Each structure stands twice: as structure tokens, then as C-alpha cells.
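Given the coordinates of chain W, work out where chains G, D and C should sit on it, guided by the hints.
4 protein chains.
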Amino acid sequence: MTSMDLGPSEKVKPLIAAVREIVREKVLPLEVEFHNEVGKAEGGRFAHTERQKEILDEIKKEPKERGLWNFWLTGSDRGYGLSTVEYAYLAEEMGWSPQLGAEAFNCSAPDTGNMEVLERYGNEEQKNAWLSDLLQGNIRSAYLMTEPDVASSDATALQFEAKLDGDEWVLNGEKHWASGAGDPRCRVYILMAKTEDDSAGRHGRHSMFAISSDHEGIEIIRPMQVFGHDDAPHGHMHIRFTNVRVPKDALLLGRGRGFEVSQGRLGPGRIHHCMRAIGQAERALELLCKRATSREAFGRPLHKLGANYDIIAEARISIEQARLLCLKAAWMMDQGDAKAAGIWISQIKVQAPRMALKVIDEAMQMHGGLGISQDTPLAEMYTGVRTLRFADGPDAVHRMVIARDELKKYTNR
Amino acid sequence: MTSMDLGPSEKVKPLIAAVREIVREKVLPLEVEFHNEVGKAEGGRFAHTERQKEILDEIKKEPKERGLWNFWLTGSDRGYGLSTVEYAYLAEEMGWSPQLGAEAFNCSAPDTGNMEVLERYGNEEQKNAWLSDLLQGNIRSAYLMTEPDVASSDATALQFEAKLDGDEWVLNGEKHWASGAGDPRCRVYILMAKTEDDSAGRHGRHSMFAISSDHEGIEIIRPMQVFGHDDAPHGHMHIRFTNVRVPKDALLLGRGRGFEVSQGRLGPGRIHHCMRAIGQAERALELLCKRATSREAFGRPLHKLGANYDIIAEARISIEQARLLCLKAAWMMDQGDAKAAGIWISQIKVQAPRMALKVIDEAMQMHGGLGISQDTPLAEMYTGVRTLRFADGPDAVHRMVIARDELKKYTNR
Amino acid sequence: MTSMDLGPSEKVKPLIAAVREIVREKVLPLEVEFHNEVGKAEGGRFAHTERQKEILDEIKKEPKERGLWNFWLTGSDRGYGLSTVEYAYLAEEMGWSPQLGAEAFNCSAPDTGNMEVLERYGNEEQKNAWLSDLLQGNIRSAYLMTEPDVASSDATALQFEAKLDGDEWVLNGEKHWASGAGDPRCRVYILMAKTEDDSAGRHGRHSMFAISSDHEGIEIIRPMQVFGHDDAPHGHMHIRFTNVRVPKDALLLGRGRGFEVSQGRLGPGRIHHCMRAIGQAERALELLCKRATSREAFGRPLHKLGANYDIIAEARISIEQARLLCLKAAWMMDQGDAKAAGIWISQIKVQAPRMALKVIDEAMQMHGGLGISQDTPLAEMYTGVRTLRFADGPDAVHRMVIARDELKKYTNR
Amino acid sequence: MTSMDLGPSEKVKPLIAAVREIVREKVLPLEVEFHNEVGKAEGGRFAHTERQKEILDEIKKEPKERGLWNFWLTGSDRGYGLSTVEYAYLAEEMGWSPQLGAEAFNCSAPDTGNMEVLERYGNEEQKNAWLSDLLQGNIRSAYLMTEPDVASSDATALQFEAKLDGDEWVLNGEKHWASGAGDPRCRVYILMAKTEDDSAGRHGRHSMFAISSDHEGIEIIRPMQVFGHDDAPHGHMHIRFTNVRVPKDALLLGRGRGFEVSQGRLGPGRIHHCMRAIGQAERALELLCKRATSREAFGRPLHKLGANYDIIAEARISIEQARLLCLKAAWMMDQGDAKAAGIWISQIKVQAPRMALKVIDEAMQMHGGLGISQDTPLAEMYTGVRTLRFADGPDAVHRMVIARDELKKYTNR
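Residue numbers (full-length UniProt numbering), protein chains in the order written: chain W, 1 to 413; chain G, 1 to 413; chain D, 1 to 413; chain C, 1 to 413.
Just chain W, with the same shape it has in the complex (with noise of 0.2 Å):
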């Protein structure tokens, strides 16, 4: 009853090998091309060839015909019901490819998590209008909450401003890494803003929006760059609000309730994350070895040379390591109660990214001058974990949540 079975259950096996061959199979065999169309658009930057838009229906035909679909949608009639355990296992393969492994399988970042608000938080309009599209893989959705003026790491100071005008919001402000705004397939933004004055508290200022891109008012900025990528045609966008004006029912759950919506939201992506960042520590890992195996120096194969039975031995014990306690923190997810698990998805979310990072570097120096160039998928992994020790929430905060929890069994008593 209150075992803790971490491993795939016979439910999921099936889907994990049939995703495992997808990825590897037909997913990384696309990602070169892919991303060498990265500008050729007539669109510019932020548009899709028209070899981009097959390679995107590519990917997804076979997955959307299998089934092979919305795996994330757990608690919910429309989705596979796994437990977010056997979603980890899954989510892991999709991270094999980080750019192209979960649109296929309608798993992406942000938005699954933008859906599972939709999913529970909105009217029947806004399901209309872009949960369908969204669930169908035919438009994509960003996710606005950091501000440039105001510390990630202490997301309660958030200023961006929403007014009640009539029976209207009017937003002014701005937003900055907007994850998915400048893919072209974007037509919703979730997002919060500050709607109650601070007699609201600190935790009870704050309220959650979901509003079409498309608003006049709406002007992106710049896109931000990740170690001098702009991750066109996918970036995260420096958006600016002025007077934008959206229906007052455009308002999720309700006033002053943003982060309640925002935590729900939050644990089980960073599980994803997490899981994600460990596929690609799995890639970086079989790469390395690869190339020890394959690549001679001083008359030896690589990995008879210096250390590197050890780098190898450590990746394995590292990334071992990590995923177990994602499964952990999944289970944790699973058995319902947020708060205890929120513990373990802060441990997570610090040792995840940093293992990868590790293992990828690792990867880099394995391969020489080859690592850090577009002849391996090394550096493009790299950039993207290192964005994960700020993402939802810096290293340091969940450094803090995780002590002060450990504290308290002393402090208490």
C-alpha cells in the first residue's frame, strides 16, 4: 500500500521503449537539420522553414497515431492517468533530445504545464479557444512571470501590474525569458501580474491570467540570448505591456490566488526538467564513451589514457544518483500531499541540473575542440541545463526551503 515502487511499472514499459525508439531512431536523426534551418525563413529569426514545419509534423505523426500522446495529463480523463512517476521514465527519453524530444510527444515545456492550468482552472472559452489546439499539438503557449527589474529568486516581489477597468484588466509592464513567445505556433500567454495592493499579503497580491498573444499593446522587445543564442525560432522573449486591455474573466481561479495556480504548476515541471536534464546527462554520457572507445591518442584508445575510468565511473554513480531521487520526489508527488514534497523536488532541482552539467562537461573535454562546436550536441545541452539552476526558482532558494525544513525538527521543539 505505502511501498515505494520506483521502478516503470509494467504499464509504462511498453511506453517507454516505444518512446525511447522514437527519439532515438527518428527524433536525433532530424536535430542537425533542424537546427541549420535556424534563420532561413523569410520570417526572419523567429519563423519556421517550411523543411522546419515538416520535420515539426514529422516528428509528431507517429507519436499522434500510436497515441504516443499528452503523457503529462495526469488526474484527467483525457490523458494516460500515469502516475508522475511513469511520466518521469518518459519524460527522460524525451530529454535525449532536448529541442525536438517532447513537442513530438506534445510534452513540451511550457506548455504542459500552461495546460494543466487550463485544463483546471479555466472556463469553458478559454478551453475553446486554445486548450483544444494546444492538446492537439497545433499551437504552442509561453509562460510570462519573471520581470527584469525584480530578483527571480524572490518571486513575491513581482511588479507587473493588472488594473480592473470596467470589465477589463489593463496590464502594463514587462516580462522577461517568456519561455516559448517566440516560437510562431505561440497563441497564449499565462501569466501573472499583481492585482491586489500589499494589505493582500505576500503570498496573496498576485493573480494568474490567460490571455491571447495577440492583444494590441503586446510588443516583444528582443529575445533573450542563452550564452549568446537566441534559441531562435524557440526563444524566450523580453516582452513589454502597455495598457493591454483583456476580458475580466481572463483571470484564472481567482483574485490574489496566482500562487496557488503557479504551484501547482510548478512542482511537476521541475520534475520534468529534471528528468529531462537526466536524459540528456544519459546522451552526454553514451557520447563520452564513444568517443574513449572510439578516438586513439599516444597509440591508446582514449579511455585507457589519465582519469578517465573514473570521469566515467562518477558520471555513472552521479546520474544513478539523480534519477533515483527524481523518482523519489515523483513518488513523493504522487502520494498527494504538495507540501512534503516540495522538499524533495528542491533537492531535485538543486542536484539535477549540476549533475548534468557535470556530466556533459565531462562530454565536452572527452571530445576536444569537437565539444563545444555544432559538430557535437554537447554545447547546445550545456546552455540549456545551465538555464535550469535559475529557472523556477535559482539553486540557492531551494538550498534554503530544503535547510529550513531540515531546521525545524530542532527549531521546534
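Copies of one chain are not kept apart here, so a pair can be met inside one copy or by any two copies together.
EDC-like, lysine to aspartate or glutamate: derived pairs with alpha carbons at most 16 Å apart: (1) 248 / 167; (2) 304 / 154; (3) 60 / 25; (4) 61 / 21; (5) 61 / 25; (6) 304 / 405; (7) 409 / 286; (8) 290 / 405; (9) 408 / 286; (10) 409 / 282; (11) 60 / 31; (12) 64 / 133; (13) 358 / 282.
Keep in mind that the hints were calculated from the coordinates and are not lab data. Being a predicted model, the structure only gives us computed values, none of them experimental.
Here is chains G, D and C on its own, set in the frame of chain W:
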């Protein structure tokens, strides 16, 4: 069926609670007193004082009466029939008291491994001579493997010699780090010797013996010190054998099958060691947190100063990861494929001790000078755990094992 | 006489002050503008826009007028006659602007090394053709060493071929990571090729050439990307040579003496790289501290939160140590025993880049998302310094060199 | 003039050679014998045996005759007039023998600091009573600072009390970690006590005393153990003072000026400790390399296995960096600005011990079980150096000092 349940079973949960209570309420309070008696016995440092004998009886009384005893004995009708995962949880609890915890439940190393060897491979005479008394906790045993002149990383090179002369084996050579041989109750040695010539191959030249500790020609040269301790009265001895004659049937399992015996013995033993190390890490973290919340500097409690939140959070993360990895290794052991489990055991053998050392070291640092003094158990814990990085194979050898296994996926292609 | 003075000499102190002022007041403010012009030139990403040309002129104007120019040229009447220690201090200052700092003073890699090679080994014709223009900063040069199919850790295995055919050498093969070859002003390549057969021994088979970049048969296949950048317009190119015919006297120093040339070139170059990395670390620490003191979270400035004191202190300690080690290596170089100096250079080659990467990474983390975006120079610094862990020999090779030297004291006995 | 010469001066070079030869040829060979005598004296563990007395005389004989004596006494006509940099080189050499090296040249802690205090602040009577004998090496001294109930990170909170009663001070309280107080030759204590009430401010409430160790009311409660050692016969004692009456002029420098005295004392002391730690690291690396070249496993010398090249190279790099940083700190001290030097001393105080611990730990690991046993000096070195991470301020406090200094550049603006 093949689910990977790493949680405590319903069966073991009450046992965990019982062991925990006894260790923390009955055993820990006696540690300091036991330690302070060292060297006061008439027989010298390697004898027990009357009070020490009383303490050893006292801590075993309740466990024995309540049947909380010999948990380790898996797959035997004499034992509990616990799985390795189940036992692992108990080993963690016993680990809180590194010196007395396992003894209280008759689960001490090297006795558990030695009893398992006698149970599986001993003849009736041997079982009568030693196994019953060991199972009762009346006597202790020692394990004699390492030799002064052979790198401990490569056990196949051991040189201690046994030659058959008529109906007796004649043993010559030296063993050191003979764990348990300093205990005044030690009556039996399990010992590896080279019996075959080199044509038998690296893994076929050695045999395992069970012999009485009081044979003529056995001379205890000195105790081996660990960070300046001789671990009296339970130390590791340096022993010389000069023409020691033992019966022909002192041989276990068969000529040249020494590694077969030792491998069967080492796997579970390493898991137990690692879980006990995790227990020590938990205790260290508790001490750290208690100090951090009770001591002030610069007008604030220590936990609010400097990097202490981070230190606590990292300790928590690293303990959880290592525990899960150990449980996974234990679960692999329970699946019945010793070779597959071996890779996991090598992983924990590298990871668990160094994790525990790090946590203990941070706990020391939080205590200032007290952390390394007799006023906390931390220094004793540190030195004990430090030995695990050599014992049963140094870290480097385990990393080599892990790396080779990892690379096999690519080199075999 | 043999005192080990690692301080800035009286001679170099005013130069340091001048370089510092120019870099910080004149060069740094132009970095963003220069960067934003990339890709806007008619000739494409690897051409300069008019504004870029202006900037390049502007930053060089004052240094050239004031004679703050070609500092690197040691032991030549054309140069300053600075010692390596003296130059090291200047390199650190230039390093603050990784893209433009060294250029302002005509001290860029790979030009400095290439000019040194031409100065020492070039004939009059070569000096007239390229050296004067390089010394004036009118043209740039490239260094072609690494090859796609050879592990960069073992340069003696390079396969690019030059065959003498009458009065001409015929060059065939591929080079990648050709640093500087993407610069539109690049006119000359210094290139290593295999000219002798294997009987000449591992270190005697290669020769060094100085050739014009516009020979027929030279084809730039693509730029090598560094973490997704092509470093336009100053990139590392992948170049193919097909029957490229160059004059017989394009050979420098002599047949089979390529490693002699490259070794003389690499020692000082590594010191310069490392000191520039230290300059970047200092800049990163300044950015980190400024952010930590100006940004608030949870109602307190960041520097008062979490482990930030420790992060800052560790950064300071690691920078000071690495700087002193670099200065010691520079001092060893000045003592005239290149072999003895080599061990020290290997030490800094391992230490300085990884130290700088760590400091830059912490600075990123302190900035949250901005740390990896175009709003700070940190990501560009990170990717640039990361290449140093491969360039001029990967870390592992330098560690091997150091260890062998250390062990020689014992194995030679 | 302001050059930063970190090399050994011509003056100190022959001294280095002499000290090195004596330590390695005369002192090291006696270490084991000295150690084996512990506990065999009639007076118990904290007395010397006849043989120990002989050894202590023997090692001092040649240094005293040759005038290799009291090197530490800077700025006094009784001493060598060495600079701190010069002395640092000698401290490193003495550090090779942690127990006897400094003693041979009358340069042991805490005597050197105590002698300096007496030299500077003692009256004639005190100098006659103790200084002459200390300078001759006839007696030893102790330093009593730390108290059981006060966090050692915050010395301003010390509670040990001295009250003036007529012509005498009356001392009450406990001190522990009283270094040197276990030596049977110890005759004098330098001791800090609170003499003023809190209105005198945090740094003005304490005074320093020089008192005889045989006053009535002084009771040695117990030795403090370090990793289970009591460091007999030279241990750190826990001492209780009950109404101990000492003369009014036992006070040094003046009421409330205790921190002035201790600060002057601590700076050089920390440098000496760190340089001795570096000497130990060098010795550990020598032992490591000798083992790596002389021992085989799997048919190859250990140094050719696994990551051993990397371990050796990293040890070399870290030692060189730490040594240079210590020399820089010493050089700063010689410049006469104690406050400026303090930041550098804090840096080495953090760095040198942990560096040495890492190298010693690796040397242990290379030796297998012997590395922690009495068969190598490594464990003793480890435990001794480990204490340095608390002594004279724990790491965390030094990091805070460094960080605050770094941040001042920005917060003062």
C-alpha cells in the same frame, strides 16, 4: 512482479522502529562509558573490564529477549528471512552507534559475513564448534585477508601460504588488518591462503579456511592503528603464522575456491557497511543541526550565519541520494544476479563512505574544537568511515569495475 | 640576482595604469555596440560593418599614438623589451575585454605568436610581406594546427601533408579551429604540415609554413561554433587545402623542425591566455559584487544572503592563487630554461581557465537569468575561457606532463 | 623598492639548506621512536621518558651549537632579523616533522608567539622568569584562549574572568584547548581574561596575562583529544581556575588591551602554521610518489593506474599555489600594514590547511590501509592539520573577513 520497491516493507517497519528505539535510547547513552573503560582492564587494552562486559550483556539483553537478533541471516531457516532491502534499513539504524549498535543485535562485522560462510560452507563440526556460539553472541570471529606485502587493491596477488602435509594444512605468512581479532571473545578466524600454484590461474589459486584462533604458531604482533587508535578492545590485528597446523577439513567449499567464498561474503557486507555509514551521516547531521540551532556567535544562532543553510541542504541531498543508491544495490542483490548487483555495490562502495565523511566533516567544523574531541562521537565516526575507503577494495578499484562495465556496451559492439 | 620578484616593476607600472584606463574607459563601453553589429555587414557575418571598422580604429588610435603597442615583442629591438612577468600584468588588464582588449594594443592571439615566429624565423620577403603590416595592426593572421581526424591531445600524430614538388610545396588536407582565419583582415597563415616520413621520428616529421591566405585551392568550409556561436567576425575556421602550391621557402626554420617552432610559440602564448583569463575572472568578480550589493531579495541585499560571503571569499582566494602561479610561470620563463618553465606553464594551463570558469559561473548565478543573457558579458566570457581547456593541449595532457616530472624524482633513483 | 620578491633571499638560502638537512637526516628518523615511548614514563602519558628527554636534547643539540635557533624572533636584537618571507621558508622545512621539527630549532607553537608577547610587552621580572628559559629551550609555555561555553568563532564573547582584588587579580573560569599545557616542561601560561565590564566595548573588555603554571587553584581537568589522541605528552588541556590569585603586574600591555596583544601574536602565527602545513603536504606528496613508484597492482606500478597522474598533478598545482599565497601574505606582513596583511592571512588560513588535508588524504589512499596506520606519519599529519581549520579562527570567519573586504570596494561608493 519486477517492481522496484525500495521502501520499508510492512514486515520490517516494526523492526526498524524497535531497533531505532533501542539504539537511541539504550545503546547511545552507554557509548561514552564503554569508551572510557578502554585500557583499564587487567588484561590490558585488548581485554574487557567488568563494566564493559556488563555493557555488552546489557545492550544485547532486550534484543535477544525480543528476538531482535541475527537479522542478517537471509535465506536460512535460522534467520528472519529478510530481504537485503529490509536488512539495509536496519543496518542504517544500527550504524548510529558505530561501536555498539550492530553488536546489540548480533549483526556485527565481520561476524555476519563469517557466520554466513560457516552456515553455507561449514561442516557439522565447524558449525558445532563456532556457528552456534556466534549465533548466540557468545563468541566473536575475525576475517584474515589483507597482507602487508601485497597491494590491497589486487587480492589475487595474496601470498600467505597453506601447504598440505599429510592430514593437515601448514600455514605460514602474515596477515594484517585482521578485523575483530583484537576482541577478547574472538575464537575463530576465516582466512584466505594460497594453496595452489600459479597454473590454477589468478582467481583459482586461493582457498578459504575456518580455523581456531588458539593454534600454536599464531602470534599477534601488534594492533594496527587507525588514525592513532588501536580500536581497543576490538581492533584490527597484525598476525604472524609460523608453521600453524590445522586439520585438512578446515578448508571451506574446496581448494582454489577462495574467491568464490569471499565474493559471496563481500557483496552483502559492503551494503551493510554503506548503510551503517549512512546511519552515521544522519547522526552527524542531527548533531550539526542541534549545534547550529543551540549555539550563538556574533549574536545570532550559528544556523543563520554564513553558508550554513547550504551546508545543511547539501548534506540532506547527499544523504538521500546515497541511501537510495544503497537501497537500489540491495534490491539488485535481492534479484539474484550477483554479477549485475556487483556494479551497483561498487557504486555505493565509492559513494556512501565519502558522502558520510563529508557530512561528518561539516558536523565537526560546526562544532569547532569539540568536533574533533572526545566530547562528540564525530572524530571516531570519521576515522571509522575513512577505513571503508580501503576496506573491501579501495575506491579506485571499484571505479575501474564500474567504468569497464559502462564501456562494455560500446567495446563489445 | 636570482631573487624571485613577482611584483610589477617600476617600468611596467605606468604601462599597467595606462592600459587599465584605456581598456576600462575606452574599450569596454564599445563592446556591446561592436557585438550588436555582427551580421549586419554586406559581406555577411564574417565581414566588418563600417561601424565595426571605426570601432577597431578608434580603440587602437590612442594606444598607437602613445606607443602602447606591441608589448608582447620580447627580446627584439622592435619591442618594449618587457619581461614575461611585466607583460603578464598587461595581459591581465587587456583580458577584461575578451574580444577587443588585446586588439587595442596589437597584442591579440594568434597574431602575437605568429609575429614572434615571423620575427625569429621568417626571411626578409616574409617579413616585408606580412610582419610589418602585422606590427602596424593593418592585417591579421591565423594559426592552423588542429585537424579533424586527429586527437588534439597528441599533436605528433597530425596528418596534413606537404610534399615538395620542384620549387613548390604542395599542401593537402584539412585544418579546423583555425583561430583568426575568420577575420576579414586575415592575410597570412602559420601552418603545420607533415613533410617527412615516419622514420624522422614522432617529433621530427612536421614542418612549419608561413603562407598567404589567398592561394588557390584554399577553401573555407565553415566556421567552427563555440557553444553555438561562430564568433563572427573573428571566428575559428574549418579549412580544406586541395593541391595548394606554395613557394619552397614558405618553410620556416627547416624541414622537420615544426615542433621546435611551435614550442617556442606556445609557452608565452599560454601565459598570455591564462593572464587574460585572470583578467576576466576579476571582471566577473566585480560584476558579481556589484550585483550582490545593488540587488535585493527577501528585503535584503543579495550579498547578505546564503553562502554569498563564502562564494566571494573563495573567488578572491582562487584568483590570487592563480595569478601568483601565472606570475611564477612567467618568471620561470624569464629565467631562460624553457623546459623547466614548461612544467609551470602546464600548471597554469590547467588551473587558470578552470578557476576563471568557476568565478564566471558564480557571477552568472548571482545575476539570475541575466547572467547567461546578452545583458552581461559573462556568457561570452564563459564560452571563450572554456575553449582554453582544450586549446594548446587539453588539461589531461598538461596534468600528465606535471605528474611525470614529479615522478621523475623517484623513478630516476 | 616596492618590488615583491617572494623568493628565498641569499641570506636565508643556507639556513634553508641547514634546516632541511637536519630535519630530514636527524629529526625524521627519530619520530617513530619518540612516538613509541608515549605512555611509558613513570609520570604517565603526560611525562617524558628518559629516552624522550634524550631525543629532545639530541635534536636541539646541533641547531643550538650552529646557531640555527630562534629564527622566528623578528625585529629584535636577540634574533636573526629575518623577514617573515624568509622565516616562512624555514617554517616549511620544519613542518616536515610536525611533532619535532619546530622544537629542534626552538620555533614551536605556541612558544614562538608567547615569546614574542613576552619580548614586546613583558616586564623585566617576567622576562627573567620565563623569557630567557624559553629562548634557551629549557622550558615550554601554553596559550589559554578558547573556552568551553563560547563559540570559538567569536573571541569577543569570552567569559573567563579576572577581577582585581587589592594587589592581585583573581582568576576564575575554564579554558580548554590550552595548547602546550600538557608538556611536562610547561611553566608559563599566556591567558586572556575578561577584566572590564561590557561598557568597554566588544574589543575592549579583555586583557592578556602572563602567569606561572603552578599557581594554587589551577586544575588540569583532562586532555582534549584530537581524533581520539590526547597528543601526549604535548597535548591541549582543559583547565579549571578557581580563585587563582596572580600579581597585579601579570597583566600585559594594559587593561582592555587583550585583543591588541592577541592580534599582534596571531598574524605571524597563522603564517607559520600554514607554511608548516605546506611542508607536511610536500612530505605527503613525496610519500605518495614513493609508494606509487614502488608498489605494484595488476602487474603495473601504481602510478600508471587509474587517475594517479591526475592526483599527483593536482597535488603539485595546489601546493605551489598555496605556497605562493603564503609567501605573498608573509610579504604583506613585512610591508608593515597589519590590517592589509590580515586579508591575505585570512586567505591562507582557509586555503593552506584544506590543501594540505587533501594531499595527505590522497597519500593515505595511495597507501591503502597503511595510510591510516602507524606505519606512515600520514594519519598523525591529517589530524594535526585538521585542527588548523578551527584554531585561530574557523574557516567561515576568515571567509567572512575576506568577503567583507572585497565588498567594501562597492558598498563604500
